[in-house]
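Mind docking these for me? Both chains are given alone in their own frames, and the hints should help you get the complex.
From first to last, the protein sequence lines are chains A and B.
The first sequence begins at 1 in our numbering and counts up one residue at a time.
The second sequence begins at 1001 in our numbering and counts up one residue at a time.
Any given hint might turn out to be false.
[Unchecked claim] Below, a list of computed lysine-lysine pairs in the DSSO-like style, where the Cα atoms sit at most 30 Å apart:
1. K26/A - K1137/B
2. K1109/B - K26/A
3. K26/A - K1092/B
4. K1092/B - K1137/B
5. K1131/B - K26/A
6. K1224/B - K1174/B
7. K26/A - K1129/B
8. K1092/B - K1224/B
9. K1209/B - K1174/B
10. K1174/B - K1109/B
11. K1209/B - K1224/B
12. K1129/B - K1174/B
[What the hints assert, rightly or not] What follows is a set of in silico ranges between Cβ atoms, one per label pair, in the way DEER data are often shown:
13. Y322/A - E1123/B: 54 to 62 Å
14. V316/A - Y1030/B: 54 to 62 Å
15. A1072/B - I315/A: 58 to 66 Å
16. I280/A - Y1030/B: 51 to 59 Å
17. Y1030/B - M304/A: 44 to 52 Å
18. T1071/B - S42/A: 30 to 38 Å
19. P27/A - S1291/B: 51 to 59 Å
[Claimed, not checked] Selected chain B positions facing chain A (Cβ under 7 Å, derived; list incomplete):
20. L1053
21. I1055
22. P1058
23. T1062
24. P1069
25. E1084
26. Y1099
27. L1103
28. W1195
Note that these hints are calculated values from the structure, not bench results.
Note that beta-carbon positions come from the ideal geometry of N, C-alpha and C, so glycine has one too.
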Amino acid sequence: MSRSMNRSMNKLWLIIRREYLTNVRKPSFLFTAFGTPLILISIVVLVIIISLSSETNIEELAGVGYVDQAGVITPEARSEEYPDLFSPYASEEEARAALDSGTIDAYYVIPENYLATSQVQLYSNESMPSDLEDVFDEFLVSSFLSQITAEVPSTRVLEPVEATLHIESTGRELTEAGITGIILLPLLLAVVFMIGIQLTSGLVMSGLTEEKTNRLIEVLVTTVTPMQLLAGKLIGLGLLGLTQIGAWLVLLALVAVFGPSIPFLEGVVIPLDLIIFSAIYFILGYFMVASLMAAIGVLVGSEMESRQYAGVMSIVLAIPIYLTAAFLSDANGTVPTLLSMFPFTAPMSMIMRLGFVNVPAWQLALSIGILLLTALFFLWASARIFRWGLLLYGKRFNLREIIAVLRGNPDQVSQPETRSLKKEAA
Amino acid sequence: MGTNTAVVVNHVSKSYGSFRAVDDVNFEVYRGQIFAMLGPNGAGKSTTIRMILDIMKPDTGTISVLGGPLTASNKDRIGYLPEERGLYRNVKVIEMLTYLGTLKGLSNKEAQRRAMALLEELELGTRAKSKVSELSKGNQQKVQFAATLLHEPDLLILDEPTSGLDPVNTLVIKDLIMRMRDRGTAVVMSTHQMWQVEEMADRLVMINKGQQALYGTVDEVRHKYALHAVIVEGEGDWARLPGVVRVEPNRNNRGGDLLYLEDRVTPNDLLAAIASSPHASIERFELAVPSLNDIFIRVAGDEVPEEFLKSTQEREAVAYE
Chain A
1 MSRSMNRSMN
11 KLWLIIRREY
21 LTNVRKPSFL
31 FTAFGTPLIL
41 ISIVVLVIII
51 SLSSETNIEE
61 LAGVGYVDQA
71 GVITPEARSE
81 EYPDLFSPYA
91 SEEEARAALD
101 SGTIDAYYVI
111 PENYLATSQV
121 QLYSNESMPS
131 DLEDVFDEFL
141 VSSFLSQITA
151 EVPSTRVLEP
161 VEATLHIEST
171 GRELTEAGIT
181 GIILLPLLLA
191 VVFMIGIQLT
201 SGLVMSGLTE
211 EKTNRLIEVL
221 VTTVTPMQLL
231 AGKLIGLGLL
241 GLTQIGAWLV
251 LLALVAVFGP
261 SIPFLEGVVI
271 PLDLIIFSAI
281 YFILGYFMVA
291 SLMAAIGVLV
301 GSEMESRQYA
311 GVMSIVLAIP
321 IYLTAAFLSD
331 ANGTVPTLLS
341 MFPFTAPMSM
351 IMRLGFVNVP
361 AWQLALSIGI
371 LLLTALFFLW
381 ASARIFRWGL
391 LLYGKRFNLR
401 EIIAVLRGNP
411 DQVSQPETRS
421 LKKEAA
Chain B
1001 MGTNTAVVVN
1011 HVSKSYGSFR
1021 AVDDVNFEVY
1031 RGQIFAMLGP
1041 NGAGKSTTIR
1051 MILDIMKPDT
1061 GTISVLGGPL
1071 TASNKDRIGY
1081 LPEERGLYRN
1091 VKVIEMLTYL
1101 GTLKGLSNKE
1111 AQRRAMALLE
1121 ELELGTRAKS
1131 KVSELSKGNQ
1141 QKVQFAATLL
1151 HEPDLLILDE
1161 PTSGLDPVNT
1171 LVIKDLIMRM
1181 RDRGTAVVMS
1191 THQMWQVEEM
1201 ADRLVMINKG
1211 QQALYGTVDE
1221 VRHKYALHAV
1231 IVEGEGDWAR
1241 LPGVVRVEPN
1251 RNNRGGDLLY
1261 LEDRVTPNDL
1271 LAAIASSPHA
1281 SIERFELAVP
1291 SLNDIFIRVA
1301 GDEVPEEFLK
1311 STQEREAVAY
1321 E
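Chain B extracted, bound-state conformation (with noise of 0.2 Å):
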């Protein structure tokens, strides 16, 4: 493992009776990195979250956090947003934010410090007297965010960390976590939100039913998989294009229609083709490469509503609306 290598959860599984919650499931987080964890609701993400935070002990395989086995010193290295959130209600938000510093190994004052410096960047200042308890939702969850930074981990775990936020905070926190990325900070989020991993994200695993679905950087992932067809608009007799098996007309948003080609005939073949005919045009011509968010539901397909999936050809045609 190199030294660029913050977390190795390798071929884990973890059983509850007979129900086998993680199967099989083999991954790396390294530093300056932010990976994301993606699947459906009941996958295992918080299984395996819960495993790499040492709370859960996996029946076989191993996990490497911060450069072996977790010890009780570099618990203090890792920073975890749990997905249900809540603090104590009748305690005083500077007071919450320097307890749970000072047991993070953070001097009383040096925790104090930091805590005043996070909650004027989240634009609570004014509140650091208050009881948690008269603090908004949105404000307890920022609250819990500077609890879960505040004393700079080297692994920050982050369960769905914007769920329940409106759009500024979210971009607030969302600028929060870049940071500690771009400080050396290896960053695990799980999150429903698509477009977040898209924009964020530099290398994700998706599990879906305990196992593992898909693995590695987003473009890797998305480039897997993409079709041996490309999107066109414009004018033109797309099928009587050498190289042309199937054209599926234009539907919905997508924009343009999907030409599947023969399997010898690059994307690039049919450019040149429809360059050097006299009777097409193209206004767009794109490689049909799915968004991260049809992977998602193509892979947890039995998760998506039935009527969106009764024949392959379909289910297909949805990744691209």
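In isolation and in its complexed conformation, chain A is listed as follows (with noise of 0.2 Å):
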């Protein structure tokens, strides 16, 4: 009995193995699992950076607190252009009730050593128009030029503030320089996500559409059990996507140690629970995918017909990564909520949400409910379509005879060669 669960457990090793090592050598593999995000993050950055520096809109703030701890403002100090935006207050716990009550967006703290090292702190909700410290320079360079002295070098007139951004909605925390790289960081792992599970789960299909093509099907369910074949391919071209997250996840550890001395991704963070996240997403993600694809794989056996259904996934696998922009002006808004919750565009959208905002647990706990109750679902119906799905050729399956096969009558349903006899004998 045991001999005989130790050679099934062999057999199901030896097609991950096959599958893993077979795909993982293909030029094309390695290309689009680490080419193509390359090339998308670099499009999306481009995109981003366009469209943030065109809308900065200081003029839909409510209005910027200070407090200054430092005494550097006076009464004459104003801005030219946006002469009310600025409003003092006494201590950081007035200024916080305001920012809390939403009668102010952000307020800076002007600490008392600033002279000395014009480092100031910049609270707020959400991520602030880049020009808003231009506007403060000047705000401050108006106070400093009605009471020039001795006392304010002239180095502080030059370049008064450096800001460290303080995004308390999440706690993360971001000098100017690493801005770049919040946004930069979820994206990224979306779209190695979209990728990841994309390729794998395309893997699983024309695998199968190739060995139903060329009848070595036949020959393997003579040998193993269908259960076997589609454990060891779903299996096997698993663990591929998550050897390619995986390299990606060292590539941006590298990045963490690294980071500081390089000027563009300064200052990031990567948080311990977005990499947890993302582990469950992918693989939840991923085996929802590819065992609908491994029965559409098994069901179709054109490899011509398969891509276009793989085609139809990918587009909506990548709706989160067009919708960018919906999820930087706000994560926790209605669509990337929506997005969030829609098995086949959560994973994606989760992550961003979870890299940009803090998520409320219970979006996330019922996100996850549903991924995982849907790829249960699609492994069940997987496994169910496999076995009738798996010597089925040359006709095209009707939605009727998927559902009789589910409901477990795959007896009722005809095969197609016999059919055509019927029709002659008729």
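The following block contains the structure:
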């Protein structure tokens, strides 16, 4: 008994190993796994940089407070362009209360040692237009100019402020230079995810289509059980996907270590929670899509037709990437929230939301729950369809037959060869 | 069931919807023998093979393979060559064979060793590291045949093993099949090539429209279809010989006249009558035993073009052409 268990585990392992090794060596895999995300991400970053620089809107801010602990701001201080933008607060507590009540959208704290260091802190609940610092510079300079004395070094007039942004809603901290980083990381993860799921589930499908087209499937199912074949493929190619994700995470870890010396990436932090949720979403997303693709692969049996299904799937998977702008402007808004609940867009959407904002715990739980149930359903359905579909040749399957198979009555469905015979006989 | 029996198909039926694909088929396959499955296209051969391989379940009846219902470990003792063939295209020949060999329970090393030996024998030794897609169609077929034999199965199921092969490669494959039989393997072989059955097979079953039309040893089947008649070549007035009911003159390639005998008269009686007759001399005298090809056409008559089947008499004549 245990020997036959060993034997069947051994067969499963052989299939896993073959699927992994033959595919990991393909140049097309290496290019798609690593080249495509780089190209895609460069395009997206370019688009973001262009759109961010054009959409800065200081006018839309309710107001910006400041707490002047250094005593450098005189009543004469004013901004030419936005005379009413800045308002003073006696303490950080008061400013914080005003921020929470919505009277202001952000506040600066100018610490006592400001004149020596130029460091100030900017507190807000969201990212601030990059122009704001220029406006605040101007505001301070106007104050300095009104009281120019020997105590104010001329360098402070030329370069008055370097701010560190504290995003209170997520607790992440960034210097100005790292702002690109916080957008980049979740987006990169989302793109790598999308490519990873698409690529590996595509390999599940094309592998099965090949085996079906060349009838190797008949030899395989008389050697292993259909379930060993399905599981071996799903696991082998899932490991391939994890390898790809893993390689990216190593790359990101290197960035985290060496990032501070790269100006563009300075200040990027890779949060552990994001990585853990990445793994959960990738695995669930992969099993859902891959088992669906396995069922399609086994039903269609022609490479050209199966590519069409893969094409539709990749469009659906990429929806969150197309809507990156919606995630950037308000990651807790209706569209990103809905997308993170719909199982096919959930992995990519949730990774971006988790990177940008604090996602309510119940939404995270609901999203994972829906994804898990969908993945389990597709696994079950795929296993059902698999055995029936393996030997179905040369005909189009229809929904009625698939439902009959899912309900466990595959025998009521006729096979193609005999069906044409029946017609002849009649 | 005896220890010599490899497969028992016991009154098996299978329907798809209302269509009866296999109807009460019943036969046994023995070790160390080649068992031929005959029948026109779509007769139910492939369905029967798939049920033996447990790809499909019969509606009624039972199938025993290598001593009982097919178990996972017994699957490793079977080699199966499907009718329509193919292999992974972008994989090296040796990797392909090794993978299939290990799935059948060989160690990696052993699978590789046997694969190389078989490739040498099939004169494909130099192509071991080529990709499958680089081989000719005939060579791909030989590689697939090697994959079927690699693990030296106890039961070999071959669907049209030599179709599409040139005569030289057909001989190579034929020799390998015979060698497997000689080492005790039970071989089930479906084929349309009757000469192959007469040359190679020990026993046969013929399935037509899902039903078992013929079953037995090749000789049994042929004699069952023997007419109560003899073919005679020579000089004489055959119609006047005692016991001859009717004479059908020599036609086409039969090479003799067909003499139908009275029920009580045996061919021996007729031979004696000819010998004692001063007016007759013979160059050839043989029983009217049809070839398997003739029997095949007679049993699967509906599949034969109509012009051959105008009357029963002509149908019999067809059997001797």
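Under the constraints set out in the numbered hints, which ones does this structure not fulfil? 8, 15, 18, 22, 23, 24, 28
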